[in-house]
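Please work from the sequences and hints to get the whole structure.
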Amino acid sequence: MSEALLEVRNLVKHFPVATGFRGAPLSVKAVDGVSFTLKRGETLGLVGESGCGKTTTGRCVLLLERPTSGEVVFEGIELTKLPDSKLRGMRRRMQVIFQDPYSSLNPRMTVGQILSEPLKVHGLIKDKAGRAARVRELLSQVGLLPQHARRYPHQMSGGQRQRVGIARALAMEPSLIVCDEPVSALDVSIQAQIVNLLEDLQQRLGLTYLFIAHDLSVVRHISDRVVVMYLGKVAEVADRRSLYEEPLHPYTRALLSAVPIPDPKLEARRERTVLRGEVPSALKPPPGCVFHPRCPIAVERCSAEIPPLREIRPGHWAACHLA
Amino acid sequence: MATLLEVRNLHTTFFTSAGTVHAVDGVSWDIQQGETVALVGESGCGKSVSALSVMRLVDEASGRIESGEILFKGRNLLALSEEEMRSVRGREIAMIFQEPMTSLNPVLTIGRQLTEGLEIHMKMKESDARARAIELLSMVGIPDPERRLGQFPHHFSGGMRQRMMIAMALACNPSLILADEPTTALDVTIQAQILELMRDLARRLGVAMLIITHNLGVVARYADRVNVMYAGRIIERASAAELYATPRHPYTLGLLRSVPRLDEPRRARLAPIEGQPPDVTRLPPGCAFAPRCAYRVERCTEMAPPLEAFSPAHLSACWEVARLAKEIPAEAAT
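Chains as they are written, first to last, in my numbering: chain A, 3 to 325; chain B, 771 to 1104.
Honestly, the hints are just simulated from the structure, not real lab data.
Some clues are possibly wrong.
[Claimed, not checked] Below, simulated DSBU-like cross-link-like pairs (lysine-lysine); rule was C-alpha separation at most 35 Å, straight line:
id, chain 1, residue 1, chain 2, residue 2
1, B, K893, A, K267
2, A, K267, B, K1096
3, B, K893, B, K843
4, A, K122, A, K41
None of these values were measured; they are calculated from a predicted model.
Structure, rendered in structure tokens:
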């Protein structure tokens, strides 16, 4: 259980942007020095608001983007310098589930074709009958029926399509699944079905999840440990309980206090830290702590010095001078 | 309080290649002056079409308002001419949409988009409209409003654009604002800013609001009363306090129980509503929620339950409401 399946070290991804005539070259610092490890069988939540770099981090882990610098070590192999030909074999072991199952499934293929094609391409199952049997098995694993194999994606509901997306990931027998906002496009009443399914599959198949989401309540439910990101950097890392019960970073505290709770009586009593302003541009991140312009407790030092990610309590890390 | 808007037995229907959709199927609700009412439900339940019907903005190519009445300050909006309706829209009733970028004109300056309505509806002179536009922008917390007037929507962030939408909605001093998922496209810290702003402004200016959302959590803090919709009908209505404490419809109860909550200990397992959302082109006879309902009895699949008062201010459309009420008793009167 304690063996590291994935280790991300000092990951950096800068996207160059076109600049005007004689303009200085600019780049978006989407991910700016992110490190974390993921143990086998664990679920690591990656939360933050749009533009914080959580999706880019996921794409770099999968090598869908080549990182600008840093290392991604998966099953003991450093991936960032591998040639594409070698990557293909590794990729089979790391799969992805996207937010919008509708745009990630080929509309001209039946569910059966969607699931059996990768089995054929990767040479996992050579004969047609064997593939059909595997498709039936995959469908039942995600709670669909054998007859769903003949349907097209548009003939299914959003929740059923996400089940197909999960089955497609499972087809490759991965050890790691990057789940990028897997429930946020679904109706509220369906979200819980998919979360339960992901948990069941993890138990049954020993999967490891990198769970990227902006919904802090869902992340608390599913994650063993949580990484909070802000503007390309890690603000805080801790196990689930410590992060939600004793958050150390002022950004984490503000995020938690902004989550609405479906109880008017409780809401009426609840104190809220409403953050000032908005997330600055990743083209020109603020100096010092990237959070300082919005931070309710910032002091002078925060605008000058970048706070390192420090282990403040055993296993609980925060990047804040005042933590 | 006087009734500001009363929707009576509204039917709005769409004609699609997949069949006829009764998007709003005999729905009645009202808003009192200065009140904030929520319309909650999942995609396809008819909540947005309800608001579009009030504005008479239902796309005529594919749908129409079949019957019913929409009484605004006593006048039936459905009986107004298009020209009369134009003086209601934007002036007396304003609307805020989910995606501010698609509802702002990308080639007009922020200033022009604000002053246009003022010049047309309020017959203001250009200089007066400009002064009012500056006032509106600072009211919604946009810094440096004079400079901002000359900018275009793409210069604004998502949160700023939504502030701009609120400024436009407030421009002509409406008495009612219809807000369709006003914060769904925004990040949670910005969501909190926008909702607090909307509530403060509504209170200060005495504007009534209809908030349409799929998220029961969002409205708990802001709504006085809540209507829950499912498959084109209202299935429950109560004050926010009562609805969240003692839901009287299995669907509302299911929604509340299926979401993980930060204020409660983590549960080992979530409790989803089983089954799939209804196919609105092929609704079952009887109660549309029956196929997914844990309280279903035979009668539910035969006859649709009417929306009836369970207690004076708490309505539910469920045949088995008494059984549900026994399981979740009202809290002792305090």
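A quick look at each hint next to the structure:
no.: 1; hint: K893(B) x K267(A); result: 45 Å, violated
no.: 2; hint: K267(A) x K1096(B); result: 22 Å, holds
no.: 3; hint: K893(B) x K843(B); result: 23 Å, holds
no.: 4; hint: K122(A) x K41(A); result: 30 Å, holds
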